[in-house]
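J.: This is what each chain is made of:
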Amino acid sequence: MHPGPLAASDLASYLPVGLILLMAVGFAAANIFLSRIIGPSRPGGVVKGQTYESGMNPVGTARKRFNVRFYLIAMVFLVFDVEIVFLYPWAATFPNLSPGTDEGLVWLGRIFFFLFTTVVAYLYGFRKGVFKFD
Amino acid sequence: MIDRIEFLWPEIALFVTTCVVMVLGLSRRIESRRMTALVTGLGLIIAGVLAARTTPIPGPRSGQVLLPELIPYAKVLIASVGSLLLLLQAGTVDRAEEAAIAAGQRPYDPLRTNRAEYYAFFLFSLTGLMLCASADDLIWLFLALELTSLPTYIMVAMSTGRARSREAGVKYFFLGALGAAVFLYGFALIYGGTGSTNLNAIHAHLAAHGLNLTALAGFILAFLGLCFKIAAVPMHFYAADVYQGAAPQVSAFLAFVPKAAGFISILLLTATIGWSYAADAQGPLYTPITQSAYDALEGAVSMGLPEPIRVFLWVIAALTMTVGNVLAILQKSVKRILAYSSIAHSGYMLVAVLAGPNNGTFSQSGLAAVLFYLLVYGVGNLGAFAVLACLEGRPDADGEPAEIEDVDDIRGLWKTRPLLAWVMTLSCLGLMGLPPLLGFFGKLPLFTSGLAAGEIVLVVILGLNSAVAAYYYLRLIKASLIDPPSDADLPATPTPFATRTLAGVLSAAGVVVLAFVGGGLMDRSERAARYTSMMAVAPPPPPRKTPYVPGDDTPFPLPIPIGAR
Chain A
1 MHPGPLAASD LASYLPVGLI LLMAVGFAAA NIFLSRIIGP SRPGGVVKGQ TYESGMNPVG
61 TARKRFNVRF YLIAMVFLVF DVEIVFLYPW AATFPNLSPG TDEGLVWLGR IFFFLFTTVV
121 AYLYGFRKGV FKFD
Chain F
135 MIDRIEFLWP EIALFVTTCV VMVLGLSRRI ESRRMTALVT GLGLIIAGVL AARTTPIPGP
195 RSGQVLLPEL IPYAKVLIAS VGSLLLLLQA GTVDRAEEAA IAAGQRPYDP LRTNRAEYYA
255 FFLFSLTGLM LCASADDLIW LFLALELTSL PTYIMVAMST GRARSREAGV KYFFLGALGA
315 AVFLYGFALI YGGTGSTNLN AIHAHLAAHG LNLTALAGFI LAFLGLCFKI AAVPMHFYAA
375 DVYQGAAPQV SAFLAFVPKA AGFISILLLT ATIGWSYAAD AQGPLYTPIT QSAYDALEGA
435 VSMGLPEPIR VFLWVIAALT MTVGNVLAIL QKSVKRILAY SSIAHSGYML VAVLAGPNNG
495 TFSQSGLAAV LFYLLVYGVG NLGAFAVLAC LEGRPDADGE PAEIEDVDDI RGLWKTRPLL
555 AWVMTLSCLG LMGLPPLLGF FGKLPLFTSG LAAGEIVLVV ILGLNSAVAA YYYLRLIKAS
615 LIDPPSDADL PATPTPFATR TLAGVLSAAG VVVLAFVGGG LMDRSERAAR YTSMMAVAPP
675 PPPRKTPYVP GDDTPFPLPI PIGAR
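Residue numbers (the numbering used here), protein chains in the order written: chain A, 1 to 134; chain F, 135 to 699.
For the record, the hints were derived by calculation from the structure and aren't laboratory data. Positions of the beta carbon are idealized from the N, C-alpha and C atoms, including for glycine. Where hints are given, some of them may not hold.
Stated by the list, open to error - Derived CB-CB ranges, DEER-like:
#1 Tyr-14(A) <-> Tyr-605(F): 48 to 56 Å
#2 Phe-308(F) <-> Asn-67(A): 21 to 29 Å
#3 Ile-84(A) <-> Arg-163(F): 34 to 42 Å
#4 Phe-77(A) <-> Arg-162(F): 26 to 34 Å
#5 Leu-172(F) <-> Phe-94(A): 36 to 44 Å
As the list claims (entries may be wrong) - Chain A is nowhere near these chain F residues, computed Cβ spacing over 10 Å in every case:
#6 Ile-180
#7 Ser-217
#8 Ile-235
#9 Val-304
#10 Pro-570
#11 Gly-597
#12 Pro-630
Just need the whole structure built from these sequences, with the hints factored in.
T.: Here's what the structure looks like:
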């Protein structure tokens, strides 16, 4: 179907989505309601109220300080990520450029400029001490 | 192969400058770190020159079919006001840190120095603003608007060391995200209603089929979200708190950059809808006026935006002017007064957006009025904030030099700092719109374009509000120029950064000088507002069967400029 305008009648095609939404909400509500009615109710002791951590006894508090380095590494990873995301469409288009012209060179120059900006991002990260593990 | 990139050289220049600044600002040598501001200024000047040399080609290649001449004007304006803003930013972020390093109290630590980021964010935001002006696609527009806004959230938070600034940054970020969500939803609905994200294709679709309900809802939501950027009434709540929490030089930045982005986007979207619609008697749809119908109706029917959008923007404009001015009267803090006055100015400009292009001359075209007023407002507002940035008191509990807070703090400025008193006076008179100054020549076309479009009631509201605004501007002038100096404990000491004073003096001079030599600027803005519409082409083009292909040179019949008919 070509991406034409959405007429009012087209809204009918969203009916299945609406039905699924209704079913999802209904299923959740019914389960809560049913477990309240037919589920056994035994107020538990100390162990039952504890936080479940893969079967281990919980240690310490949840309000623990994390090293900010984890976030820095995540950010540096994002630079790689975005780079790859842009490189894919570029690589997919490159063979289709008109042969015999200098179009290919122009496109190559552009992607090198883009890679250069990534290098700047890394230089910046390096100077800020992102890669310093002490 | 010619493509869009030749219209993007100013943005590319700014981006390369950003890269240089990011590396340079982290240098171990203080001389190199000091270079960052200079390099930033150089980049802005180069971007401005490149923008001035851009020759717009009307057609899909430049990206702008509807407002083909907008790019050079908007980008030169952005580069010029951006350079003035840059002068104001000296010593904003790392003053205490650099002082400690110079005194040998602390070794140089790249992690603690944030000058590089500050100037990089400054440039990123201006790059986003320029990209807004080049936008021809809803997705492009959204990304450009976000690139404009995201750095400003951080600039607000890091502008001073006070908790108040961080609070302002967080408030601004969350409300900004809300605004972005609203206009993004609007964009999605516009796509749903017209089948394209390309503004030209949307315009062609609307010209052929009129405005359906889905697209109408989309446009209303998009305008509502953009109201956040221009601080117009339903989305204005953040303005006073954020402007007050940020350092004055950052408030000056906020008062111009996101507002300019919002107005450029609003102009692009209203141009996409077109100003030559007529309400359809058959139902809620709005049919476009074609050439033959236009000739038949000319003079008999006033053209305008589709009625629901007109009413929506009408109400927002009237409320924004009134709320902004009335609340400004009630404020004690200078920054809050200026924040509410900036809200009111958004309302004034919305009047001209409603007026539309009319016959395209400077006195009648609302588009030209908005584009010229952006300059007028940018210069006047910068001067007023520059005075605040130039004055500081003893360091307070946070270790930051105290800022000008109340109107009482600038009392007797004529005795202590006569130059700044005059800068404040001229800027306020300029914002007020007093006849011999630039503000008057900016405000006059807002009135005349509104009248030409037949918005009499709105123009009356605009006139009343201008009178109300005079009260608080005169209050600022009286405090700085007439009142005796106060013996309060905040002696307004000069800032050690001379460029801040220079920025103020240049803006005040601009308010006076541009009023006398600004004729060329008016011509430029009239040219920039040249609007071409496909509504006037008869018969309307058939709906597009294939998605828009970038580089496709002949997707639409070339439109006839409205003025040329």
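J.: Taking the numbered hints from earlier one at a time, note which ones the structure violates and give those numbers from smallest to largest.
T.: none
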